[in-house]
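Participant: Input sequences plus hints: build the corresponding full structure.
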Amino acid sequence: MSPARRYHVPNRLRAMLFDGGGKQVNEALADAEARLSTLAEACDTTVRNLIVEIEAAFGPASRGRERSSPRDLYDLVARIIDSSISQTSPGLFEICTTFCDLLDSCQEQNRWDWPAVDVHIAALRLLSADASLPATARLRIVSGLAQLRRRRAEAGG
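In this note's numbering, each residue carries its 1-based index in the sequence shown increased by 1199.
Hints were generated in silico from the structure; no laboratory data involved.
Pairwise CB distance ranges (calculated):
(1) Arg1270 to Asp1317: 11 to 21 angstroms
(2) Arg1211 to Ile1284: 28 to 38 angstroms
(3) Ala1321 to Arg1211: 51 to 61 angstroms
(4) Pro1289 to Pro1209: 40 to 50 angstroms
(5) Arg1266 to Gln1223: 47 to 57 angstroms
(6) Ala1352 to Thr1237: 33 to 43 angstroms
(7) Thr1237 to Arg1266: 34 to 44 angstroms
(8) Phe1217 to Asp1281: 29 to 39 angstroms
(9) Glu1254 to Arg1211: 46 to 56 angstroms
(10) Glu1353 to Phe1292: 17 to 27 angstroms
(11) Leu1212 to Ser1267: 41 to 51 angstroms
Since the model is a prediction, treat every value here as computed from it, not as a measurement. All C-beta atoms in this analysis are idealised placements derived from N, C-alpha and C, irrespective of residue type, glycine included.
Facilitator: Right under this line is the structure:
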């Protein structure tokens, strides 16, 4: 019987990690921040366009919104979440997640809660349009929507 042969396969990842050949964490984070900052303007434009689309199709002045599906509005709000990575409008992500929870509830119950939808649309419009809005005001809006969500849950809706 012949002796067992051992093969040493070089591992490039291991070499980078342990031999100092890769980027340091702080360098990688700085690179990521720089790349994200180049997307901020495009993301903000996308968010504004989506809010205009939401208002046109689901706002209080839109005709036939009662026949719309909560799923369609949910998809638009989820796209805002995707585009809010730039974080130039603090609170926007939180409003969108609360809005999505509301729309899930509307879909489960197979009925719209138009006053709550209208409040969320107005909050989206306000936070995206007024960059000078102080952080305390933004926090008050977000906490007010969270309170609305809790009250709806307690009421069974």
